[in-house]
Amino acid sequence: MHARDIMTHELITIRPEASVRDAARRLSDYNISGMPVVDQDGRMAGIITEADLISKEGDTVADIMTQRVVGVSESTTVDEIAQILTSNRFKRVPVLREERLVGIVSRADIVRMMASRWVCPVCGAIQLGRVPRECPSCGIDGSRFERELNIRPEITSRQ
82 MHARDIMTHE
92 LITIRPEASV
102 RDAARRLSDY
112 NISGMPVVDQ
122 DGRMAGIITE
132 ADLISKEGDT
142 VADIMTQRVV
152 GVSESTTVDE
162 IAQILTSNRF
172 KRVPVLREER
182 LVGIVSRADI
192 VRMMASRWVC
202 PVCGAIQLGR
212 VPRECPSCGI
222 DGSRFERELN
232 IRPEITSRQ
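Under the working numbering, think of the first position of the sequence shown as 82, with each following residue one higher.
Read the hints as simulated data drawn from the structure, not as lab findings. Heads up, a few of these hints could be off.
Said to hold, decoys possible - Pair ranges (Cβ atoms, derived): (1) Gly220 x Asp122: 20 to 26 angstroms; (2) Asp140 x Cys204: 31 to 37 angstroms; (3) Ile221 x Gln164: 25 to 31 angstroms; (4) Glu161 x Arg124: 20 to 26 angstroms; (5) Ala189 x Gly220: 29 to 35 angstroms; (6) Glu155 x Ala132: 33 to 39 angstroms; (7) Ser109 x Glu179: 28 to 34 angstroms.
Only a predicted model underlies this, so the values are computations on that prediction, with no experimental measurement involved. Cβ coordinates follow ideal geometry from the N, Cα and C atoms, glycine included.
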């Protein structure tokens, strides 16, 4: 399983020139603890988190955001992402295609993956948790399994 398989595509982002108040409002409105900061071309400029808001002083997002961001590619494995998150005590990691933000993987996305149901398209067998290497019932390659997705209601239910 890779970043592309579990990443959140519906991104909540903010621009570097936005006010700190706007950042706080956006984090609060969407009930998230951090979000990517992107320029007008969709390139990563940084990440702003609740910790940045309460521990740093400045007027704009650019003044207080974390600029040195560890990102991953769409093909980075979930195991690698989990290692990055836990070893660095991060809550989220941006997914980049070249320098452009295409998604984000949070701890919650990995937990959601662990709670997923996988359905064999041939025999209908259900596997819980991670996608199996092969179907225990009919033996087809596990890469053909289909995941029952649960969208993120806290993001998709808000406009």
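Hint by hint, here is what the structure shows:
Remark: the range hint 20 to 26 angstroms for Gly220 to Asp122 is contradicted by a beta-carbon distance near 47 angstroms. A beta carbon spacing of about 60 angstroms between Asp140 and Cys204 contradicts the range 31 to 37 angstroms that was offered as a hint. Look at Ile221 against Gln164: about 30 angstroms separates their beta carbons, and that is inside 25 to 31 angstroms. Under the hint 20 to 26 angstroms, the C-beta atoms of Glu161 and Arg124, about 23 angstroms apart, fit the expected range.
Against the hinted window of 29 to 35 angstroms, the Cβ-Cβ separation of Ala189 and Gly220 comes to about 33 angstroms, which satisfies the hint. Between Glu155 and Ala132 the beta carbons are some 27 angstroms apart, a value that contradicts the proposed interval 33 to 39 angstroms. Between Ser109 and Glu179 the beta carbons are some 32 angstroms apart, a value that agrees with the proposed interval 28 to 34 angstroms.
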